[in-house]
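Going line by line, the protein sequences match chains H and A. With my numbering applied, the first sequence covers 1 to 450. With my numbering applied, the second sequence covers 1 to 450.
Honestly, the hints are just simulated from the structure, not real lab data. Treat the hints with care, as some may be off.
Said to hold, decoys possible - Under the rule of at most 20 Å between Cα atoms (straight-line distance), these lysine to aspartate or glutamate pairs were calculated in the DMTMM-like manner:
{"no.": "1", "chain 1": "A", "residue 1": "K416", "chain 2": "H", "residue 2": "D172"}
{"no.": "2", "chain 1": "H", "residue 1": "K2", "chain 2": "H", "residue 2": "D69"}
{"no.": "3", "chain 1": "A", "residue 1": "K24", "chain 2": "H", "residue 2": "E356"}
{"no.": "4", "chain 1": "H", "residue 1": "K24", "chain 2": "A", "residue 2": "D409"}
{"no.": "5", "chain 1": "H", "residue 1": "K416", "chain 2": "A", "residue 2": "D172"}
{"no.": "6", "chain 1": "H", "residue 1": "K171", "chain 2": "A", "residue 2": "D409"}
{"no.": "7", "chain 1": "H", "residue 1": "K334", "chain 2": "H", "residue 2": "E364"}
{"no.": "8", "chain 1": "A", "residue 1": "K171", "chain 2": "H", "residue 2": "E413"}
{"no.": "9", "chain 1": "A", "residue 1": "K258", "chain 2": "H", "residue 2": "E317"}
{"no.": "10", "chain 1": "A", "residue 1": "K24", "chain 2": "H", "residue 2": "D409"}
{"no.": "11", "chain 1": "H", "residue 1": "K31", "chain 2": "A", "residue 2": "D409"}
{"no.": "12", "chain 1": "H", "residue 1": "K258", "chain 2": "A", "residue 2": "E317"}
{"no.": "13", "chain 1": "H", "residue 1": "K108", "chain 2": "A", "residue 2": "D339"}
{"no.": "14", "chain 1": "A", "residue 1": "K31", "chain 2": "H", "residue 2": "D409"}
{"no.": "15", "chain 1": "H", "residue 1": "K205", "chain 2": "H", "residue 2": "D173"}
There are 2 protein chains.
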Amino acid sequence: MKELDCIFNAKSVAVIGASRTPGKLGYEILKNIIDANYSGKLYPVNPKADEILGLKAYKSVTEIPEPVDLAVIVIPARFVPDTVRECGKKGIRGIVVISGGFGEVGNKELEDDLVKAVKEYGIRMIGPNCQGINNPKIGLNASWPMIKAPGVISIASQSGTFFATLQMWAKDDNVGVSKCAALGNKLDVDFDDLVEYYGADPDTKVIAIYMEGVRNGKRFVDAARKVTKNKPVIVLKGGRTELGARAVASHTRSLAGKDQIFDAAFIRSRIIRVQDLEELYDTAKAFATLPIPKGNRLLIVTSSGGSGILATDEASERGLDVPLPSESLVNILKEKVPDYVILRNPLDLTGNAYSELYQIVLSEALKTDEYDAVVAIFGDPISGAADLIGSIVKQSTIPIAIVYLGGGDVQFEEKKKFESMGIPVYPTAERAVRALANMVKYSQLITKKQ
Amino acid sequence: MKELDCIFNAKSVAVIGASRTPGKLGYEILKNIIDANYSGKLYPVNPKADEILGLKAYKSVTEIPEPVDLAVIVIPARFVPDTVRECGKKGIRGIVVISGGFGEVGNKELEDDLVKAVKEYGIRMIGPNCQGINNPKIGLNASWPMIKAPGVISIASQSGTFFATLQMWAKDDNVGVSKCAALGNKLDVDFDDLVEYYGADPDTKVIAIYMEGVRNGKRFVDAARKVTKNKPVIVLKGGRTELGARAVASHTRSLAGKDQIFDAAFIRSRIIRVQDLEELYDTAKAFATLPIPKGNRLLIVTSSGGSGILATDEASERGLDVPLPSESLVNILKEKVPDYVILRNPLDLTGNAYSELYQIVLSEALKTDEYDAVVAIFGDPISGAADLIGSIVKQSTIPIAIVYLGGGDVQFEEKKKFESMGIPVYPTAERAVRALANMVKYSQLITKKQ
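Construct the complete structure from the given sequences, taking the supplied hints into account.
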């Protein structure tokens, strides 16, 4: 069993500070674990309750008659260190401290005592001052809001809001998540631990990180370098400007450090660095669902000339090539598609496009070795696309990113259909191309000798 | 009556090529005009029908017994020029040619004949090869999909898909649109005409443009320069890279031209240039609903430290200042907010934030003259925000952009509430800050002596 399995794959969980009052965190967290159908054993701990949400409550962890893997702590900060010691005595190996009130508000002494308690018992801790963890596969939703959406994206975030936002987006798109952690003050478990753990996790295909700083840069680079050989790690780094770094200091008191140092470390670790939250998510979604491209040659198939152009601009600025189809491919397609199709790149099916055209064009293009990635843009109410294209996308050995826009009700239906097949749909061509370009960058980083 | 009123404010419309077959454009367009509750008179024209969708049909426009302002033409290209001549004889002043099959497929001769017909009768024409027009205020939805959402954003787009997408987004966000046109091959009405017309339109507060090229650069600059003194014009230009320009040539055969020339022309016209479709929409949405900032000092109020940091990074890179609150403001706030609030900028209300805190902080900050714009970020399920903050945002003389993320069901509810009050909500801090930064840029452009 991996060290952090005591947290993410806990077979039994105590919620210390469980509450009977809706709205209180100690209530919401317990309720979310129940509602997520947690597959393990669940013990509310509250000295003043006999029963909470239908479960027998215990005065303290030590009263729980069976062994406990994980304690989720939601009590006032001043009681946390001693409670952690009780957990240690009980043999608990993992804790998640939701409670705030430590270093982030200047309580350095309390923070030191908490670290001491954790070290004393060899416990691994996430937090304090964090939004918890989630592993939807076993229903361990020890956080908020409730997210039941098992998938292959694992998340490590120094922001609770981004931890929640990324999960919500992944749920809405039917992509889902594997393991998620909001790190808070990260007094013990840090990004290096999570990258290692997620790296070895068979349910994790891609790792998405929001980072403000790392405690031990060298250890992080070493951990990431090992993992990125086989699994992409995408990082959004807060505090890349001077003013942003000042904001980081007030938030998690991380040392944002010189941005160039992070840049260099990320390149050395083969990490994909992104610029905003949507790019972090869009890129993770692509890695979660599409094969990794082997080169940088992009084919743009579109019914929207404008989207084709913006896709080309974006591709060009992001280092992708947009080569014209070969004479032989053009000749094959000429036989099979109407005259109005513009057999260039973007391959513009025009406003007269219908689903079968995409099917023909994609099938033929995929038989050649001319392209490493495709973006297929549906710019209009084009129905039947998912039924006709879905299996092509699923079977393709090169990534095909789907974009749907301007299609009214039809768009809504097709998007849902594609997503139910595990095929991601992007709201604009630019966002799809950015995600594909990040995949190409990863492909280049891992094949480069370093 | 302004010249293009015969198109956008037509009191009577003939749909030439109206069809009884669902799915056909001549059916969909007629149906959309009916379903949008068009306030004028509507005449289907189809030589083979007596009645379409419950309306008496006419064999030709000349048979219509009353005067007609606008003809929407959806018939095969080869018949269009002569039909336009019939329209001219009937005294029709405006036409929208949806039909394609002209210059874009190499039919230069037919195109020349169409232009000749239009000139002969002094008709103003939008198109050909376009997705039509929409004026939701009078229900003139001569396009697709159906968009009933009157507002103050006017759109001119060389892409039908973007014309539709921007309207769909504006409808979904309850922001709405004023006049919308998809220009297609723009053989007659070009961006200069629309900018002039929208500029003089009292229902238009902001003009959003997707452009691939202009026929007469000088005329466009002159027209835009006059309008931008009083009304913002935002332009997304397709074909900014060499490969993108090649794609423009295959799409609308516009001369994309050297990008630097457009850049210089936009600066001279005080045009706000944006980089992607979402930035175009986000910026238009801000101008549609918020007052224009007088300077570049941004206050970031947040419950999400991470979002505050990304907002700061984005602001800093976009030329905004993020100054710390004055000592006096800090002292006032200290009396009124809990100790955990970080009285800096970002002003971090932390994960313990509740709606009343935003109310207090915004009220006090707005009493000072320390900030020119505010972004208020709700990063968690914070309820009651719209009820408490809505009136502050509506009454504020400086723009307050609302961001909601990571808030589960609560977010969904609050977003709807804000939007029902005409207050735009952004999905990430970065997108809100980009929109505000574009407003600041406009403010700087119009106050600068040129």
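Now the hints, each set against the structure:
1. K416/A x D172/H: holds, 17 Å
2. K2/H x D69/H: Given pair K2/H, D69/H holds - Cα atoms ~13 Å apart, limit 20 Å.
3. K24/A x E356/H: The given pair, whose Cα atoms are some 18 Å apart, holds under the 20 Å limit.
4. K24/H x D409/A: holds, 17 Å
5. K416/H x D172/A: Given that 20 Å is the threshold and the Cα spacing comes to 17 Å, the pair holds.
6. K171/H x D409/A: With Cα atoms ~13 Å apart, K171/H and D409/A stay inside 20 Å; holds.
7. K334/H x E364/H: holds, 11 Å
8. K171/A x E413/H: Cα-Cα ~18 Å, so holds.
9. K258/A x E317/H: holds, 16 Å
10. K24/A x D409/H: Measuring from Cα to Cα gives roughly 17 Å; hence the hint holds.
11. K31/H x D409/A: Given that 20 Å is the threshold and the Cα spacing comes to 16 Å, the pair holds.
12. K258/H x E317/A: Measuring from Cα to Cα gives roughly 16 Å; hence the hint holds.
13. K108/H x D339/A: holds, 16 Å
14. K31/A x D409/H: It holds: about 15 Å lies between the C-alpha atoms, which stays within 20 Å.
15. K205/H x D173/H: Holds, because 17 Å separates the two Cα atoms, which is no more than 20 Å.
Violated hints are absent here; each numbered hint is respected by the structure.
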